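Just so you know, the protein sequences line up as chains A, B, C, D, E and F, in that order. Mapping of the first sequence onto this note's numbering: position 131 corresponds to residue 131, and the numbering continues sequentially without gaps. Here this note's numbering runs 1000 ahead of the position in the second sequence, where the first position is 1. Here this note's numbering runs 2000 ahead of the position in the third sequence, where the first position is 1. Here this note's numbering runs 3000 ahead of the position in the fourth sequence, where the first position is 1. Here this note's numbering runs 4000 ahead of the position in the fifth sequence, where the first position is 1. Here this note's numbering runs 5000 ahead of the position in the sixth sequence, where the first position is 1.
These are computed hints drawn from the structure, not numbers from a lab. None of the values given here were measured: they were computed from a predicted structure. Don't take every hint at face value.
[To be verified] In silico PhoX-like links for lysine-lysine, alpha-carbon gap of 25 angstroms or less:
| hint | chain 1 | residue 1 | chain 2 | residue 2 |
| --- | --- | --- | --- | --- |
| 1 | D | K3071 | D | K3053 |
| 2 | C | K2133 | F | K5108 |
| 3 | A | K159 | D | K3133 |
| 4 | B | K1042 | D | K3053 |
| 5 | C | K2137 | F | K5157 |
| 6 | B | K1042 | B | K1031 |
| 7 | C | K2157 | F | K5071 |
| 8 | F | K5071 | E | K4071 |
| 9 | A | K108 | B | K1159 |
| 10 | A | K151 | D | K3108 |
| 11 | E | K4157 | E | K4042 |
| 12 | C | K2157 | F | K5151 |
| 13 | C | K2137 | C | K2157 |
| 14 | C | K2042 | C | K2108 |
| 15 | D | K3042 | D | K3108 |
| 16 | A | K108 | A | K133 |
| 17 | E | K4088 | F | K5071 |
| 18 | C | K2133 | C | K2159 |
| 19 | B | K1133 | A | K108 |
| 20 | E | K4108 | F | K5108 |
| 21 | B | K1108 | D | K3133 |
| 22 | E | K4079 | F | K5088 |
| 23 | F | K5056 | F | K5108 |
| 24 | C | K2042 | C | K2031 |
| 25 | B | K1079 | B | K1042 |
| 26 | C | K2108 | E | K4108 |
| 27 | F | K5151 | E | K4071 |
| 28 | A | K133 | A | K53 |
| 29 | F | K5031 | F | K5133 |
| 30 | C | K2108 | C | K2053 |
| 31 | D | K3088 | A | K133 |
| 32 | C | K2088 | B | K1088 |
| 33 | E | K4148 | E | K4133 |
| 34 | A | K42 | A | K31 |
[As the list claims (entries may be wrong)] To spell it out: a stretch of chain A is covered by chain D in this simulated footprint if at least three of its residues, at any positions, have a beta carbon under 8 angstroms from a beta carbon of chain D; those stretches are:
| hint | region |
| --- | --- |
| 35 | 122 to 133 |
| 36 | 138 to 144 |
Quick reminder that beta carbons are idealized off the backbone N, C-alpha and C, glycines included.
Below, each chain spelled out in residue letters.
Number of protein chains: 6
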Amino acid sequence: MQRIAIYPGSFDPITNGHLDIVFRASRLFDKTILAVAYHNEKDTLFNIQERVKLCKEATAMIDNVEVRQFKGLVVDFAKNVNSIVIVKGLRAVSDFEYELQLLLMNRKLYDEVETVFLTPRNCYLYLSSSIIKQVAKLGGDVSEYVPKSVKKALEEKYKNLDSDI
Amino acid sequence: MQRIAIYPGSFDPITNGHLDIVFRASRLFDKTILAVAYHNEKDTLFNIQERVKLCKEATAMIDNVEVRQFKGLVVDFAKNVNSIVIVKGLRAVSDFEYELQLLLMNRKLYDEVETVFLTPRNCYLYLSSSIIKQVAKLGGDVSEYVPKSVKKALEEKYKNLDSDI
Amino acid sequence: MQRIAIYPGSFDPITNGHLDIVFRASRLFDKTILAVAYHNEKDTLFNIQERVKLCKEATAMIDNVEVRQFKGLVVDFAKNVNSIVIVKGLRAVSDFEYELQLLLMNRKLYDEVETVFLTPRNCYLYLSSSIIKQVAKLGGDVSEYVPKSVKKALEEKYKNLDSDI
Amino acid sequence: MQRIAIYPGSFDPITNGHLDIVFRASRLFDKTILAVAYHNEKDTLFNIQERVKLCKEATAMIDNVEVRQFKGLVVDFAKNVNSIVIVKGLRAVSDFEYELQLLLMNRKLYDEVETVFLTPRNCYLYLSSSIIKQVAKLGGDVSEYVPKSVKKALEEKYKNLDSDI
Amino acid sequence: MQRIAIYPGSFDPITNGHLDIVFRASRLFDKTILAVAYHNEKDTLFNIQERVKLCKEATAMIDNVEVRQFKGLVVDFAKNVNSIVIVKGLRAVSDFEYELQLLLMNRKLYDEVETVFLTPRNCYLYLSSSIIKQVAKLGGDVSEYVPKSVKKALEEKYKNLDSDI
Amino acid sequence: MQRIAIYPGSFDPITNGHLDIVFRASRLFDKTILAVAYHNEKDTLFNIQERVKLCKEATAMIDNVEVRQFKGLVVDFAKNVNSIVIVKGLRAVSDFEYELQLLLMNRKLYDEVETVFLTPRNCYLYLSSSIIKQVAKLGGDVSEYVPKSVKKALEEKYKNLDSDI
Chain A
1 MQRIAIYPGS FDPITNGHLD IVFRASRLFD KTILAVAYHN EKDTLFNIQE
51 RVKLCKEATA MIDNVEVRQF KGLVVDFAKN VNSIVIVKGL RAVSDFEYEL
101 QLLLMNRKLY DEVETVFLTP RNCYLYLSSS IIKQVAKLGG DVSEYVPKSV
151 KKALEEKYKN LDSDI
Chain B
1001 MQRIAIYPGS FDPITNGHLD IVFRASRLFD KTILAVAYHN EKDTLFNIQE
1051 RVKLCKEATA MIDNVEVRQF KGLVVDFAKN VNSIVIVKGL RAVSDFEYEL
1101 QLLLMNRKLY DEVETVFLTP RNCYLYLSSS IIKQVAKLGG DVSEYVPKSV
1151 KKALEEKYKN LDSDI
Chain C
2001 MQRIAIYPGS FDPITNGHLD IVFRASRLFD KTILAVAYHN EKDTLFNIQE
2051 RVKLCKEATA MIDNVEVRQF KGLVVDFAKN VNSIVIVKGL RAVSDFEYEL
2101 QLLLMNRKLY DEVETVFLTP RNCYLYLSSS IIKQVAKLGG DVSEYVPKSV
2151 KKALEEKYKN LDSDI
Chain D
3001 MQRIAIYPGS FDPITNGHLD IVFRASRLFD KTILAVAYHN EKDTLFNIQE
3051 RVKLCKEATA MIDNVEVRQF KGLVVDFAKN VNSIVIVKGL RAVSDFEYEL
3101 QLLLMNRKLY DEVETVFLTP RNCYLYLSSS IIKQVAKLGG DVSEYVPKSV
3151 KKALEEKYKN LDSDI
Chain E
4001 MQRIAIYPGS FDPITNGHLD IVFRASRLFD KTILAVAYHN EKDTLFNIQE
4051 RVKLCKEATA MIDNVEVRQF KGLVVDFAKN VNSIVIVKGL RAVSDFEYEL
4101 QLLLMNRKLY DEVETVFLTP RNCYLYLSSS IIKQVAKLGG DVSEYVPKSV
4151 KKALEEKYKN LDSDI
Chain F
5001 MQRIAIYPGS FDPITNGHLD IVFRASRLFD KTILAVAYHN EKDTLFNIQE
5051 RVKLCKEATA MIDNVEVRQF KGLVVDFAKN VNSIVIVKGL RAVSDFEYEL
5101 QLLLMNRKLY DEVETVFLTP RNCYLYLSSS IIKQVAKLGG DVSEYVPKSV
5151 KKALEEKYKN LDSDI
């Protein structure tokens, strides 16, 4: 039996911290699906197409990783793709509590899928998409924390925002 | 002297976790007033009338519990109803810190009222109204976590939201 | 029906933080029993007789407070004295987790008793018997944090320790 | 060499907790610059001019403190004013994690500036601008937590909001 | 390639919380080795032979689980048995930090093994071997939290301790 | 006026994490005194002379750093050496709470000295002397986390322990 993991998130945008987790997951399971969650466009910086595209570019070199988008409950998506594992990256403490809340709810909704937490490298332990956006917006250099294509996409996005002002 | 407790919150909507706390409080104090806080309508899913109605239905069977709405400071409401106890349900860690902040401020504003923390059953320790709404919105089954009337109200609410799209 | 609370602990020795909690409990319940836990003598600075005596002196002026010692499970003691409430003082975060562990276990062992958490005054939020002992041992002045009799008892104790060296 | 510290924040509005930190910083470093961050007007209660003015009034009596506004990255501002220290007030746990996230990012962006955490007095440990605003909005008395000028400004602000309704 | 996980710990004694984790791991990996760590006899209630025996009895019915004892570094044991995964059960917050410390150290010592965190059922989230021992020692009923053989072993152990007194 | 900082601790033994903090402190203050706390010999792996010696060797190249030993209260030592700053390295969350407890007590005992928290590099955020000792004892390689002299001292120490068995 093939063991399929999903790694759900907003990936708005994908960071090196996410990639670190994807890579670790790809070694533990036969296939890992990076599952990009649909959101209302106004709630994310990048729309769903952009987020998926950036994820695909960033994971192109890992064989057993696939990028898909989904709408609705994570557990329903897991069921649809025959996944038995939800992978989550674990960072700070407050993070863990929220993740625990999700995990317990997901387990109640569908108990055939197991949530596993993986921990990124030291330097990504306190990284998040929001701090990346915050820094990029103010003109800071985020090249150590995101793939090149994401860096470029962030520059484009914030240039446009600027010209709006 | 009768000891009156108030249990303030948004209750947007009331969950089984809230009910667990109400029930525990009702055994410790002579009367418990479930105090539903007024908010701007756009900040809650259910308006104040709906929230009060759902709370009343859910607590109808507990003798010494009363449901009231209030506007303004919790301590002012406590003073008005001669309450000497504010009951809070305690869940996760981050929760506790925010509650501590409120408690210390409330104590400064009016030191005749004591805040006590009660802990719900295991299975409600990581429950919150927001995760309930999030799951219900995506079509998940929340019947283990809310009273029947709340489940129905959530379905109504999100059906209407859907037809808006 | 009279509502009896117990406030269990080592009280090695009792501090102003403990007294603050006792006082708050005494306003909420008809009677509060300060329950001093038996320990092996080598595990505490003061033996059980000394700890009980210091607690009695410190709470002498509060009418509805009683000091008792107990051995064995807290819930068994609660049952024996017809108590329906275990009072715990809540301080820092790590504290809360350990207390939660105890609470859930106690509830499983005997679910007729409810645990309530009370919060001491600001200045006692980060106080503990161990830091008091640590400071007193090194000759620091702890008079703002303990009753006079405790201060004297600590001085006696550490003077004797000194002469041992 | 003169050691210059900056103390960045929104100060929306400045509280006695902030002032406590400024005062402590002023004793440790030759000069402390209270650096008020620019934000979109709709994101703060007071606009940048108001926030700066309230900070200036509140710190007027401390010799080696200066109030400045800035836009963009904190580290760029630090560089511009030759500061080697970013001062942060530390309060609750969740606070610390977010601050750690900022610190590590700032260090990566510019490693010539060191972040130091100072702790305010007991009674300000759980204080924040948001709880002040929340209480003031509901008519509570915040005079123990903010300078007089801030109290007056809050009253003005919320009076106007009221008349809008 | 067969994926082998190790689940290291003291298991002094094994609890239902541990068993819950073992069972979850057994579904995710081809083989799971429950790895019982050697300790000085005086540091554990049960000696290494007893701990291993109790673990074997408790996991006898799960096909792809094996019990082994080890001495030395966890990562060295992982290397010896060709394991690519260290499984850890995650409970409360403070737990997580200590686990993070171990994880980062282990990764530095041997980066071919990945640590994954699994979460037990709700009712075991706040369970630990030490609270089990504490309760059993005082005569409390722990049968909901440990396998029958462990319950019996605890009774034996504490009966003997009693007769020593 | 010269600003003198003290950096108190057990340093049993000094790690690269400690050195990272010393170095940061040395840039912020005119002089930094690494203050090695006296303990009963049986409570530390290295005795006070050994700990001081290892600290001296490790900090020899930093000009404005001095190593001293002390007995008694940290604040008394601070007073004796005219220090106005106690430097503490900040790591994980639980750490912070204990440090807060010490800080508030120290401030009460002597309010002329300020405690500042500095944060070490990413890779030392979860490092502690105890995990170093634990790993070294089991034969793991700790050379990335301690100065060479400490590594050698640990090897000596644990070799002797071995031959005792």
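Determine which of the earlier numbered hints do not hold for this structure and return their numbers in increasing order.
Those not satisfied are hints 3, 4, 5, 6, 8, 12, 14, 15, 16, 17, 20, 22, 23, 24, 25, 26, 29, 30, 34.
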